[in-house]
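Visitor: Produce the entire structure from the sequences given, and follow the hints as far as they go.
According to my numbering, the sequence shown is numbered sequentially starting from 1.
No lab work stands behind these hints, which were simulated from the structure alone.
Among the hints, erroneous ones may be present.
To be verified - Listed next, the in silico EDC-like pairs over lysine to aspartate or glutamate satisfying Cα-Cα at most 16 Å (straight line):
{"hint": "1", "residue 1": "Lys350", "residue 2": "Glu398"}
{"hint": "2", "residue 1": "Lys352", "residue 2": "Asp367"}
{"hint": "3", "residue 1": "Lys379", "residue 2": "Glu345"}
{"hint": "4", "residue 1": "Lys30", "residue 2": "Glu183"}
{"hint": "5", "residue 1": "Lys352", "residue 2": "Glu398"}
{"hint": "6", "residue 1": "Lys83", "residue 2": "Glu41"}
{"hint": "7", "residue 1": "Lys379", "residue 2": "Glu393"}
{"hint": "8", "residue 1": "Lys83", "residue 2": "Asp73"}
{"hint": "9", "residue 1": "Lys352", "residue 2": "Asp337"}
{"hint": "10", "residue 1": "Lys83", "residue 2": "Asp40"}
Small disclaimer: the values here were computed from a predicted structure and weren't measured.
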Amino acid sequence: VNLDRFTPPPPDFNPAIAAELARFLTNPDKPMVLALSRPDERKNIATLIEAFGQHPTLRETANLVIVAGNRDDIRDMDAGPRKVLTDILLLIDYYDLYGHVAYPRYHSPDDVPDLYRLVTQSRGVFINPALTEPFGLTLIEAAAAGAPVLATEDGGPRDIIKACNNGELINPLDPAQIGERIEAIIADPQRWQTYSENGINGVRKHYSWDAHVSRYLEKVRGLTVAEHRSTPSPSLPDHDLVLADRALIIELSALGGLGGNGLRERLIQELRQRRRQVGFGVVSDRPRREVLAELKAMSVPVPDVLITRGGTQIHYGPRLTRDEGWSRHIAHGWQADRVFNLLAETPGLKLKPRSAQGVLAIHAFIDEPDVFPGMESLKQQLLELDIHSNIIELNRAEILAVPVRASKGYALRYFAAQWGIDLDRILAVGGEKTDEDMLRGNPLGAIVLPEGGDNLPGMDRLDRVLVTREHGLAGVFEAIEYYDFFGRCALPVEHAADGHDKEVEK
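Guide: As structure tokens, then:
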């Protein structure tokens, strides 16, 4: 985390965002309980409001501040965010929390550090009540600003709070416990002070860039460069990803479509010419051996990074060196046998034997759709049984269960962090419905639809994502040109000026 940006509040701190919050609150000087996230059901904001509303005294001792993205007219938003924001308003009304809850419509990136500082200044708490949280960057940012934290017990927050000792874990499904934990920290000045100081020092020790570089150098000392071993597969010349300042990551279906007119050969040549500058990656929900077989059939070189099986596997280079660190990271808390047994007992699903399944992925066919209870029901069963897993709907007939920390998007961001490539210099090109999490967020993104294919629901509304006019590899080159990937590698000037992607006719 950038310790120059996320700092404790100075004396007489009074940022502009404070006035925006104050207009919601009867007493703006009370301790602030801040939740900051996208308007996504998985962020579990509704349970936090229930916790605040049901607690007998919390509304009298603290203010709740919910920053759930930016919004204009809720009625015009996508179904998911619209439902979350509507539920927020209904719950505030149900518990009559007017004057006790602030829910601003807009905030800028520069407001985020100030929000954390307001929590610290008011001796409040930052809370992440998400159902699961793969990492938890906001917790580190809040801690750097001196705010004690409360966070879901599922996922990355365990490691952060263990390292920094700056807060407590909560059960995201227990409103009563959440309310009690908030009050306990706010009502105990000594505990609050200890958590605040521990967070500031812990982030500097464990999560600053200096600390990250020191740990990295410790790990690479003593490592020897392995000898290059030839491979019968076609391969790009040796590529040192440490030198790359950008990466082109393509979903297998986009790479495989309409490669005529020499487009595939042209792409390979472009990458060869820029091998010291550009990393090349392929992603897929399919197993590695199937992906490699298809790449070989297309005469596509083994890429610098290969992300397969729904993001559960990362391999590097022609020797296909597996990233064991990623495997260990996502394996935390993974209960493969329990997931397999639940899927095997679910009506309408058909599975291969356990021995034929992957270590970190369980594949199932929807054999009888009429009796299959549906994806939401399946996810609810997993949640109720305390089984932590992501369920990916590959298509209408197949699903893939993977660890909760795994997805193609998470794997892409891990790859970027490992090799020091800025996410704003990664062009991710998707071609499947399951690519949404890979395209959502910071990477420059494009969707390449198959010939005659319809637009994927909701995908064309993702921020910073181009829906190409062309199909197949022609669409890949359209995205490369649109973002000037081999040159500026950035959003087009017209996007940067008005904040909106260029309209692309379907």
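Visitor: If a hint holds in the structure, say so; if it does not, say that too.
Guide: Cross-check of the supplied hints:
no.: 1; hint: Lys350 <-> Glu398; verdict: holds, 10 Å
no.: 2; hint: Lys352 <-> Asp367; verdict: holds, 12 Å
no.: 3; hint: Lys379 <-> Glu345; verdict: holds, 14 Å
no.: 4; hint: Lys30 <-> Glu183; verdict: holds, 12 Å
no.: 5; hint: Lys352 <-> Glu398; verdict: holds, 12 Å
no.: 6; hint: Lys83 <-> Glu41; verdict: holds, 8 Å
no.: 7; hint: Lys379 <-> Glu393; verdict: holds, 11 Å
no.: 8; hint: Lys83 <-> Asp73; verdict: holds, 13 Å
no.: 9; hint: Lys352 <-> Asp337; verdict: holds, 13 Å
no.: 10; hint: Lys83 <-> Asp40; verdict: holds, 9 Å
Taken one by one, the earlier hints all hold for this structure without exception.
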